[in-house]
Amino acid sequence: MPEPVGALLRGATQRLAAAGVPSPRTDAELLLAHVLALPRGEVRRLALLDAPVPDGGPPDAGAAARRFAGLVDRRAAREPLQHLTGAAPFRHLELSVGPGVFVPRPETEQVAQVAIDEATGVAAARGRVVVVDLCTGSGAIALAVATEVAGAEVHAVELDGAAHGWAARNVAAVAGADGTEVHLVRGDARTALARLDGTVDVVVSNPPYVPPDAVPRDPEVAGHDPDVALYGLGADGLEVPRGIARAAARLLRPGGLFVMEHAETQAAGARSLAAAAGFVDVRTADDLTGRPRMAVGRRPTDAAAGRGTVTDWGE
1 MPEPVGALLR GATQRLAAAG VPSPRTDAEL LLAHVLALPR GEVRRLALLD
51 APVPDGGPPD AGAAARRFAG LVDRRAAREP LQHLTGAAPF RHLELSVGPG
101 VFVPRPETEQ VAQVAIDEAT GVAAARGRVV VVDLCTGSGA IALAVATEVA
151 GAEVHAVELD GAAHGWAARN VAAVAGADGT EVHLVRGDAR TALARLDGTV
201 DVVVSNPPYV PPDAVPRDPE VAGHDPDVAL YGLGADGLEV PRGIARAAAR
251 LLRPGGLFVM EHAETQAAGA RSLAAAAGFV DVRTADDLTG RPRMAVGRRP
301 TDAAAGRGTV TDWGE
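The sequence shown runs 1 to 315 under this note's numbering.
If you're looking for bench data, these hints aren't it; they were derived computationally from the structure.
Possibly wrong hints are sitting among the right ones.
Just the calculated beta-carbon pair ranges, DEER-fashion [said to hold, decoys possible]:
no. : residue 1 : residue 2 : range
1   : Gly86     : Pro22     : 16 to 22 Å
2   : Ala18     : Asp188    : 41 to 47 Å
3   : Pro106    : Asp197    : 29 to 35 Å
4   : Asp73     : Ala268    : 41 to 47 Å
5   : Ala150    : Pro89     : 20 to 26 Å
Beta carbons are placed, not taken as given, at the ideal position from N, Cα and C, and that holds for glycine.
Start from the sequences, fold in the hints, and give me the full structure.
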């Protein structure tokens, strides 16, 4: 007789907890839902009823239990959950991810929100809006903007070949839905899209920014997220972000908005580099947990050009 779903989940939860996985029960439920091709809510319902693993597959109950056990072992070895399921949630989207691309994080959803709010306002006032996502990775921010701002013209840039491949897959999966389109370019974010110089309304970016001596503590990040997506170069990790800020200043029209994610310890440095690139009204904004995680600034109008200003929000 197939093993009850509840027993499978209890055993997996204990295994993952012993391995130090932060959310063992949630991960166990998501892995079993993935194996059974069922919603997580249905897996939880089966567990509450102490029902057996559904038979009659594919996969059949025995094969499903074996596959589940294998995935639990891999998760206990701290392979990212998203690599095991092949999917990562981001706002209302489910993105395809795997080795070679940075797994989008919940904190970046608020970075996308700031860009979406600005783009929505511009579209309402002008009838159109142009948004650029630099260092797009999986395409998460670009696709969030494209699917949430009606009629937005969205461009996304990614240099790394593996990450670009994942972004192309995600863009293709969403393309055409309600007119959604993202123009994806493989190239250097510092020089790409020169034809758009001075015409973009919003530039948003989650660039590499980890300093060289700040090795991530989570095994899922340190061992599986690509270095090219993590480390921002320079002693402070902000060399790549500096290039991104200069590119944003080149792309944006006067009055356009720049939004860039950074580490919570880099707030002052990120504000300074944005001001050095010529942005005005530069401020730090928080993520949903209240941590300072993004720099926001505007390209000055012609009258204010060259007078970058910073609001000192502290650390």
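> Which of the numbered hints above does this structure break?
Replying inline: No numbers; nothing is violated.
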